[in-house]
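Peer 1: So you can see what is in the structure, the chains are spelled out below.
Number of protein chains: 2
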Amino acid sequence: MASIFFSSSRRKMLACSRPLPFLFTRRRLHQPYNSLTESDVQIFSEILGHNPSLLLQASDPIVHAASTDWTGHYWQAPARLLLRPQTTAQISALLAHCHQRRLPVVPQGGKTGLVGGSVPTVAHEEIILQLQYLNQITALDPVLGIVTCQAGVVLENLQDYCANHSWLVPLDLGAKGTCQIGGNLATNAEGPYFRKYGCLAGNVLGLEVVLADGRILDYNYRLSNNMKDNTGYKWHQLFLGSEGTLGIITGVTLACAPLPRSKQAAFVACSSYDQVLLVLQKAKQYLGEILAAMEFMDAAIWKLVEASGRHQMPLSVETILSESAVQEGGPFFLLIDTHGSNANHDQEKWQTFLEAVQDDILNGVLAQDIKQYQSFWQIRESANPTVAQLGYTYKYDVSLPIAQFQDWIQEMRLERLGPLARNESSSLVNANWGHILDGNLHFNVTTIGKREVQKDVLDALEPYLFHSILKRGGSISAEHGLGQAKNHLLPSVHDEHTLDLMRSLKALLDPRMILNPGKFLPAK
Amino acid sequence: MASIFFSSSRRKMLACSRPLPFLFTRRRLHQPYNSLTESDVQIFSEILGHNPSLLLQASDPIVHAASTDWTGHYWQAPARLLLRPQTTAQISALLAHCHQRRLPVVPQGGKTGLVGGSVPTVAHEEIILQLQYLNQITALDPVLGIVTCQAGVVLENLQDYCANHSWLVPLDLGAKGTCQIGGNLATNAEGPYFRKYGCLAGNVLGLEVVLADGRILDYNYRLSNNMKDNTGYKWHQLFLGSEGTLGIITGVTLACAPLPRSKQAAFVACSSYDQVLLVLQKAKQYLGEILAAMEFMDAAIWKLVEASGRHQMPLSVETILSESAVQEGGPFFLLIDTHGSNANHDQEKWQTFLEAVQDDILNGVLAQDIKQYQSFWQIRESANPTVAQLGYTYKYDVSLPIAQFQDWIQEMRLERLGPLARNESSSLVNANWGHILDGNLHFNVTTIGKREVQKDVLDALEPYLFHSILKRGGSISAEHGLGQAKNHLLPSVHDEHTLDLMRSLKALLDPRMILNPGKFLPAK
Chain A
527 MASIFFSSSR
537 RKMLACSRPL
547 PFLFTRRRLH
557 QPYNSLTESD
567 VQIFSEILGH
577 NPSLLLQASD
587 PIVHAASTDW
597 TGHYWQAPAR
607 LLLRPQTTAQ
617 ISALLAHCHQ
627 RRLPVVPQGG
637 KTGLVGGSVP
647 TVAHEEIILQ
657 LQYLNQITAL
667 DPVLGIVTCQ
677 AGVVLENLQD
687 YCANHSWLVP
697 LDLGAKGTCQ
707 IGGNLATNAE
717 GPYFRKYGCL
727 AGNVLGLEVV
737 LADGRILDYN
747 YRLSNNMKDN
757 TGYKWHQLFL
767 GSEGTLGIIT
777 GVTLACAPLP
787 RSKQAAFVAC
797 SSYDQVLLVL
807 QKAKQYLGEI
817 LAAMEFMDAA
827 IWKLVEASGR
837 HQMPLSVETI
847 LSESAVQEGG
857 PFFLLIDTHG
867 SNANHDQEKW
877 QTFLEAVQDD
887 ILNGVLAQDI
897 KQYQSFWQIR
907 ESANPTVAQL
917 GYTYKYDVSL
927 PIAQFQDWIQ
937 EMRLERLGPL
947 ARNESSSLVN
957 ANWGHILDGN
967 LHFNVTTIGK
977 REVQKDVLDA
987 LEPYLFHSIL
997 KRGGSISAEH
1007 GLGQAKNHLL
1017 PSVHDEHTLD
1027 LMRSLKALLD
1037 PRMILNPGKF
1047 LPAK
Chain B
527 MASIFFSSSR
537 RKMLACSRPL
547 PFLFTRRRLH
557 QPYNSLTESD
567 VQIFSEILGH
577 NPSLLLQASD
587 PIVHAASTDW
597 TGHYWQAPAR
607 LLLRPQTTAQ
617 ISALLAHCHQ
627 RRLPVVPQGG
637 KTGLVGGSVP
647 TVAHEEIILQ
657 LQYLNQITAL
667 DPVLGIVTCQ
677 AGVVLENLQD
687 YCANHSWLVP
697 LDLGAKGTCQ
707 IGGNLATNAE
717 GPYFRKYGCL
727 AGNVLGLEVV
737 LADGRILDYN
747 YRLSNNMKDN
757 TGYKWHQLFL
767 GSEGTLGIIT
777 GVTLACAPLP
787 RSKQAAFVAC
797 SSYDQVLLVL
807 QKAKQYLGEI
817 LAAMEFMDAA
827 IWKLVEASGR
837 HQMPLSVETI
847 LSESAVQEGG
857 PFFLLIDTHG
867 SNANHDQEKW
877 QTFLEAVQDD
887 ILNGVLAQDI
897 KQYQSFWQIR
907 ESANPTVAQL
917 GYTYKYDVSL
927 PIAQFQDWIQ
937 EMRLERLGPL
947 ARNESSSLVN
957 ANWGHILDGN
967 LHFNVTTIGK
977 REVQKDVLDA
987 LEPYLFHSIL
997 KRGGSISAEH
1007 GLGQAKNHLL
1017 PSVHDEHTLD
1027 LMRSLKALLD
1037 PRMILNPGKF
1047 LPAK
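In order, the protein sequences belong to chains A and B.
For the first sequence, the residue numbers in this note's numbering are 527 to 1050.
For the second sequence, the residue numbers in this note's numbering are 527 to 1050.
Pulled out of the complex, with its shape left as it was, chain A reads as follows:
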């Protein structure tokens, strides 16, 4: 995917030796990069204590694996070098050398971001820097529920640790068993509990960051864990969602929520998208403060998950279709999840809610126990791996006004997928899901049996798809970020003042542009 999209812009970026005409900064950008030498490798080895498991060369299969993410879309060639520091001080020393020598670096967590932000672009010969050995949970305040940990802690491990102390990490993702908290922060991953537990911008109380030149910045990370602090610019926020282009996050202090004592979930099926919206409104009204998440799945993804045979489905599309008329694309399924502190109260709220929607839904199944609750979430979370297994998937993570989800999907089907299917270039499946409470849709087009990107499919979808999203007031990247997949689109999203400011911030914090080149910011 990347090779088709970005080769021209990458060339432009590499060729850029004149000072960029920033309004904010007039610094010369130092490019291109130097090539790695044996002397560099020796210096890195010394910093890492001559430990062979912390410095791996291109021929190592681990480096091969680290050079692509799990989508497989961004594979080009093995990176020259993979570094696995164990401390912030080592990262500082490694970066100071890379900065001085102008060697580009790609920071890497669990590689689950889906937009190619965590893998090399080869054109720049990046060194991969993995965070996985910075995996200590260093403190948990039992009164406030503030947890401090290093960036390489796997999200699920952090969740389990905090849950054992009755606290809930305010972030959950399908990839929790693989992704690392540092990567979650660097990509500003949000997930389904965004409305209930707030966004990372609000829950991150402290951050430790190593800048490109090796300086270590500390924002309320080592010495304090205050909920409120108003003693300076909130510069730490710049690193959230910056995809490692401004600095490398090495530690975080995070505000947790009390662990819910009562969890409940139901799947309901609706015949039309208008019914979906009605159920959403009534869920807010009757479930109130316990409403934790509301996940949308259309008939296509439901059928694919059902066909995978891996899940016991509580509802069947075929049965519904044999009994009821539904809107095109339907039936639509909603996974409604509640978190509360009093099971009796939660059950009563559920009862009044289900009574209120009984005429609006085709069918509904309430989880009977925590096991079924978990199995419902497994159905939802299997959406992504299910389509990935079927073939190359063109994935679009967008924000849209909630009322327009299905209308926009229909527009895409009529305008883009219909004509494409008639060309018979591929066997296409369009399957969609998302966090409807947040207006966040995951739109997916899978080319069955294919493993490579196809130019005709891509051309049919883009840039039409993105322009259509922007025209409707949406966002072309809701929670997965830009990486290599969407950074070229930023000039359509932001005006020149904003782009200038972003470039200036980059020039300020990483003047030699060594951090994650070819990602996030578009080439100019």
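Simulated from the structure, these hints should not be mistaken for lab results.
None of these values were measured; they are calculated from a predicted model.
Please note that the accuracy of each hint is not assured.
Because identical chains cannot be distinguished in the list, a pair is counted as satisfied if it fits within a single copy or across any two copies.
[To be verified] Straight-line alpha carbon distances no greater than 20 Å define the calculated SDA-like cross-link-like pairs of lysine to any residue that follow:
1. Lys789 to Lys810
2. Lys976 to Gly917
3. Lys810 to Asn870
4. Lys808 to Leu694
Given chain A's structure and the hints, the job is docking chain B onto it.
Peer 2: Below, chain B without anything else, positioned relative to chain A:
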């Protein structure tokens, strides 16, 4: 207060003509400023459409009033000029001229920040720029509860407007009838509902800002209102809490919460601070997701509010003391507030909570109706005006580990206030309150009958007080910001890397240092 503290550092700042030795930026800082001329006034008048009510000169009583805040601490002399633009475009044109001419500007909202951030420092001859005529609420998304408004909207007006549409602005302050939302954002004001509804960093979805040179920046303000957007650096966060030193906030898009259908509050009295902590833990446990705020008041502030005669107090210190032994400083009062969607459920939660704490408290009164609920909050909110009326008040807004509130207050009394009282320099009252759920304490020393700062009192309190807070891992400014009152302390709070970064961000966004000079950043 300011004149004693800062005259030397101000002189240093004015005298600073050499380039600051930033690690990040090596730009020359252009100071001192130019003086205002008749030609400048003519240009401003033209930009403001020659409307005499939008441009006021020093002789006008309105300018006199605008040159100090309601504490009266920071008064020096009337500002030379007061501008009251009506549009973002006018602000842009005004700032472009000030930038070009090197004329310093102090942006001003409701002036309720308490740290002198919104008033002139006279040494710089600032022009005051009031935001009050940018007071339009421009949109409210009925499904998502996202409100868009201009910076000059008074917080209470915004609350009322949203409440009429069943949405709750996720911010409340005692000063809501006066403060403006733009000022709330610029000072990162948080208030009592921080834990329940999240912080501004999380709830601000969009921002419009005018930079020092007149450029208008837009972060998801005019064209979109997406809950999730990951298409760039989160630069808008820099302006929250920056006290107008990086740019002037002119508009905001804010995520609201559903209006609670059930509100309940109680005052409880505890004999010791350990009991307070126990009640806090049990409130979290039994009230769970409906716990909205928990406000601490010590015996001293309770007695002062009682003595003011303006409130019907639900509990009496004298009665409690006649019946029970209490810890020094006690009895301690807690205002516990809940917001929920189901009154029956909330009442049951209250019942189990009150049963669980009945042996931990001396007494408790549950509000019988919404009128009493409001009167409880009025008691809490009257704390600030009550001490202000009694005399000059040395106010300290700090974060502390919750368990240490009373221990630290006792330390201050023993080490600092006791010796001071023995000197009989003043009649002192130490009265304290705060948002205990957030670890945010408001510590106040009032010199009865005095209207001016006294050097001996100040010297007894500072810098000891701040060092003691930092030693305990607290923050010297929890929610009121730095302004003129605490900016000189930043070198004790942050390391040189962080200070450098803050100065570099200032130099990037306001290279001529025209925005709110003498505030926020310390002179170097």
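Peer 1: So, for every hint listed, does it hold in this structure?
Peer 2: Evaluated hints:
1. In the homo-oligomer, the alpha carbons of lysine 789 and lysine 810 lie at most 20 Å apart both inside one protomer (16 Å) and across protomers (17 Å), since each shortest distance falls under that limit.
2. In the homo-oligomer, the alpha carbons of lysine 976 and glycine 917 lie at most 20 Å apart inside one protomer (5 Å), although the nearest pairing across protomers, at 78 Å, exceeds that limit.
3. Proximity of lysine 810 and asparagine 870 under a CA criterion of 20 Å is satisfied in both settings, with 19 Å inside one chain copy and 18 Å between copies.
4. In this assembly of identical chains, the alpha carbons of lysine 808 and leucine 694 lie at most 20 Å apart only when taken from different copies (18 Å versus 26 Å within one copy).
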